[in-house]
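> Chains as they are written, first to last, in this note's numbering: chain A, 1 to 547; chain B, 1 to 547.
Mixed in with the good hints, there may be bad ones.
Identical copies look the same in the list; a pair holds intra-copy or inter-copy alike.
[Unchecked claim] Here are the simulated DSS-like pairs of lysine-lysine, each with C-alpha atoms no more than 27 angstroms apart in a straight line:
1) Lys339 <-> Lys324
2) Lys473 <-> Lys65
3) Lys339 <-> Lys318
4) Lys287 <-> Lys339
5) Lys9 <-> Lys427
6) Lys113 <-> Lys251
7) Lys535 <-> Lys113
8) Lys318 <-> Lys375
9) Lys404 <-> Lys324
10) Lys404 <-> Lys65
11) Lys473 <-> Lys519
12) Lys97 <-> Lys292
13) Lys537 <-> Lys106
14) Lys427 <-> Lys493
15) Lys97 <-> Lys535
16) Lys508 <-> Lys318
17) Lys404 <-> Lys224
18) Lys504 <-> Lys247
19) Lys493 <-> Lys504
Hints listed in this document are in silico derivations from the structure and should not be mistaken for laboratory results.
Number of protein chains: 2
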Amino acid sequence: MAKKQNKLKVMFLGGVGEIGKNMTLFEYGNHILVVDAGMSFPSDQMPGIDFVIPDYNYLIQNESKVAGIVVTHGHEDHIGALPFVLRDLDVPVYGSKLALAMVGHKLEEARIKNKKLNTVNEGDVINVGCFQVEFIRVNHSTTGCYALCITTPRGVIFFTGDFKIDHTPIDNKPIDLTRIAEIGKSGVMLLMMDSTNAERSGFSMSERCVYKNLDNLFAQNLDKRIIVATFASNIHRVQQIINCAVKYNRKIAFSGRSMINIAEMAYTIGELKYPREAIVDIDKIGKIPYDKLCIISTGTQGEPMSALTRMSQNDFRKVVINEKDTVILSASAIPGNEKLIYNVINNLYRMGADVIYQSISEIHVSGHACREELKLMFSLIKPSFFIPIHGEYRHLKQNISLAKEMGIPEANCIIPELGYSVDVDKKGIVRSDNVPSGNILVDGSVVTDDSEMLLRDRRHLAGDGFVITIISKNSLEINPPILIARGVRIPDKLSDDLRESMIKELTKDKVDDDIQGIKQMLRKLIAKSLLKELKKKPMIIPIIIEN
Amino acid sequence: MAKKQNKLKVMFLGGVGEIGKNMTLFEYGNHILVVDAGMSFPSDQMPGIDFVIPDYNYLIQNESKVAGIVVTHGHEDHIGALPFVLRDLDVPVYGSKLALAMVGHKLEEARIKNKKLNTVNEGDVINVGCFQVEFIRVNHSTTGCYALCITTPRGVIFFTGDFKIDHTPIDNKPIDLTRIAEIGKSGVMLLMMDSTNAERSGFSMSERCVYKNLDNLFAQNLDKRIIVATFASNIHRVQQIINCAVKYNRKIAFSGRSMINIAEMAYTIGELKYPREAIVDIDKIGKIPYDKLCIISTGTQGEPMSALTRMSQNDFRKVVINEKDTVILSASAIPGNEKLIYNVINNLYRMGADVIYQSISEIHVSGHACREELKLMFSLIKPSFFIPIHGEYRHLKQNISLAKEMGIPEANCIIPELGYSVDVDKKGIVRSDNVPSGNILVDGSVVTDDSEMLLRDRRHLAGDGFVITIISKNSLEINPPILIARGVRIPDKLSDDLRESMIKELTKDKVDDDIQGIKQMLRKLIAKSLLKELKKKPMIIPIIIEN
């Protein structure tokens, strides 16, 4: 029996659209190692939802087993759920200096104290329960990113995290391919690898490639104010923008809460370098001539409340866009955000600014490995088994097709799906038990895993609005039916007709005494009429008042 | 005075995001020429709206002036508003055989009879009021597409419509560059040109390029059922898919209403060619072996009700997807549809199908001219003035930057915007009078140009739901306050507390007798509590019953 329990289980919790990203669990006997605890953005089908975190009830139920949480890097989709998880679980967290600085900031905002945050450096090896975890430097679109080499009682797992291969990164710290080659040589049972760019052929460009184009843009816009938007966490990008600004004698103002916070954080731990005197407060840029200023801003995804979006709507007091501005969007669109971003670009153009964005200039590179990089990783790691992670189903499929090209039989590959665990040892990999592993929706201050009815109602209201009718059952003569509609427009004539029909039905001899029956009748009457007259199907709520 | 009135005015009606696309008016003295009458899809900010048409009140107000409507081609964004416009206006319509077949079908569905549809052939010259219109063959992603050479009393206007330059089109009818060169030589006052691909460098690929890859896919999938999704109106694409199917001895079934309709229409007028016996009804494919069947389907944009989307949700009785299917999406994403399309792809993969789409294979070419084609057009037409049309603001700006490269001063270019007309003659081009030119929203059977409040309510309801409270003012003891919420979840305890607070406030000595005052008080009380406890701001509707 004991032997039967000691399987090595891999489990995937949470994710909207993408799978195997927000949270991964490794369980063996009485030990659970958690990798990442991130959040997702809600889908179009989740109106009003702020964000989505993994359903981590399995962790709560097995609290005594949870030996620790390792974070691969400091992006929201890998750390965003920690304030929730750490409120419920008292476990140590391990990660890079930058990642933990971001985690610390989050926990502070959430007023969670005394958490065990343990900084690990590249090359460090730690024990988490029965798991040995080695941290290997990788490149990505932020700094302090690690792949994990997890030695388990059943074999070695190489978990890439989000990664790319950059031979010429800004900090001269390329991915540690030498160590990866060694690990591959000593035998890896299972590779779990980032699939985000598995559809893209070739190699991702080096972050360094951005500089030449950025520099050109600064040189071409000597008389303009320059506003560059990028992800705050893209430390090397921010560094390159700062370097350009300094070279062209411009002061730098950070704009947007996360940009200001992360720039400070990264400076403090020495990962972002700039002369302090080059920085001006965004509130004090009024005194600086346009041609001596560079604003580095958030808002590359057209997020409604971000600094750049508000600038584009003339709703950002500190920066009023005009024809003396050149705005550079140094980022690409996350699928689903295209329209929001294009709205920002169109509006900036309308306000007279010149706008530079990826469709017309190469001012961004991806942080994820493309097909040739993925092949290189297969080639070095030489795993027996493969689980593609980080991506939509289509990306995971493409990564498996690469695995096949690299000689890994399809039977040795498994696509992770919510709701299952994967059992793996040197003999085989199989889909195994069910695990509670869905999503928890954060809706204002409400955190819920039971939201389907709520969301169905919101979608219904969004498309067709609602109609409420209030009937004073026993005093219809003095209190005629009230009809209230929002999100659907009922013409007066139709409203009168409806009230009349209702009275007629309610005063019939044979009218049902049963409240539910009356409600049902009213609902049908109104629905039928509105579908016929308006071709709309609003939510209909009849209320019967008894007096 | 008379002379002052006889300006040549160009006006742009309608459009969501894109400008100068759905409907363009040319007015001189007592003559109005209308070019196109199309629809747009609603933006994310228009929940529940079916589609959007130009506000054509200006045409109704000036009915006697409207000499005719010329349609450039049969795409929805150019003809979709005709059933509305022709219900209100009795004017002749001119267009190609295919475009008018599509218009005729639309009018039939809308039960509009006896309309004056006049087929024009390439090279035809017609008079519409004081305007002479010549129809010049262009290439695009459907057939029967014309550019217009409009001779006005003030000078010649060349209007490209949607176009690309395809030297090797499937019907061997390339764009008539010779005639375009002649027109350019004889002097063009104003060029109005498609801007959709003004961000893309180089040339668009020829439609013929698709064939080789399609053929390869058919050859590689001999034992599979092949399902190809494309736009029904892309006649040449459908033709190439048919040619492949016939070559590989497969029967062809059309799937999706518009595919079935347009395939029949195009066959009837001779623009689509196939052996009748190769076609099988989609309801009768059960008898045909998988490896002898090719289904040509709608649904490339992930439209919720389309055939392919329903197949991907196992909700299309006629075609149940499985691992013996290869699905080819021969189209690209219209911005904003990315997530819907990727959902379809992910779901098809999950059902076991192999999926081929643009990110991983070249099975689509654009129907719009890229930068080198646009330059060629500038070079042949040599216009004095330029108005970029068909595109978002960013595309129009890029087209103007091309115009500048081609020697047209920026002062001679105007970006069309809703709400203005443009006056042009050989001496100059200026932005002129205001014109009523917004959008009309089609919401079920309701057609309205006054929807901002309605949409604001829907957006509010979508994000935060609503709370209704019903107070029987004079019988609070027998009828305690009723509280109803949808789209926001109020815990029982909070609901009880709210009711209690309301009673407390309502039974205070000094309570206001004014109904509006009481409502305001209740609204504030509930809003404050829900924001504090739930961090949500639902719509709050207090109802006071007087009895």
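> Checking an output row: Lys493 and Lys504, CA cutoff 27 angstroms. Within, between, both or neither?
within (16 angstroms within a copy, 39 angstroms between copies)
> Taking 27 angstroms as the upper bound on the Cα-Cα distance, should Lys9 and Lys427 be classified as within, between, both, or neither?
within (14 angstroms within a copy, 78 angstroms between copies)
> Indicate which option fits the pair Lys339, Lys318 if close means a Cα-Cα distance not exceeding 27 angstroms: within, between, both or neither.
So Lys339 and Lys318 pass the 27 angstroms test inside one copy only (25 angstroms; across, 34 angstroms).
> When no copy is specified for Lys404 and Lys65, does a C-alpha distance of 27 angstroms or less occur within a copy, between copies, both, or neither?
So Lys404 and Lys65 fail the 27 angstroms test inside a copy (36 angstroms) and across (68 angstroms) alike.
> Indicate which option fits the pair Lys427, Lys493 if close means a Cα-Cα distance not exceeding 27 angstroms: within, between, both or neither.
neither (75 angstroms within a copy, 55 angstroms between copies)
> With identical chains treated as interchangeable, where does the CA-CA distance between Lys473 and Lys519 reach 27 angstroms or less: within a copy, between copies, both, or neither?
Both, since 11 angstroms and 23 angstroms are each at most 27 angstroms.
> Within, between, both or neither: how does the pair Lys504, Lys247 come out at a Cα-Cα threshold of 27 angstroms?
Answer is neither; intra-copy 82 angstroms and inter-copy 67 angstroms both fail.
> Quick one: Lys508 to Lys318, C-alpha cut-off 27 angstroms, is that within a copy, between copies, both, or neither?
Cα proximity of Lys508 and Lys318: none, with 66 angstroms in one copy and 47 angstroms across.
> Using 27 angstroms as the alpha carbon limit, work out where Lys537 and Lys106 are close: within a copy, between copies, both or neither.
Answer is between; shortest inter-copy Cα gap is 25 angstroms, intra-copy 43 angstroms.
> If the cutoff is 27 angstroms on CA atoms, where do Lys535 and Lys113 land: within, between, both or neither? Let me know, please.
between (55 angstroms within a copy, 23 angstroms between copies)
> Indicate which option fits the pair Lys113, Lys251 if close means a Cα-Cα distance not exceeding 27 angstroms: within, between, both or neither.
neither (37 angstroms within a copy, 68 angstroms between copies)
> Measure nothing new, just compare the shortest in-copy and cross-copy C-alpha distances for Lys97 and Lys535 to 27 angstroms and report within, between, both or neither.
neither (58 angstroms within a copy, 33 angstroms between copies)
In the structure shown, a violation is registered for the earlier hints numbered 2, 4, 6, 8, 10, 12, 14, 15, 16 and 18, in ascending order.
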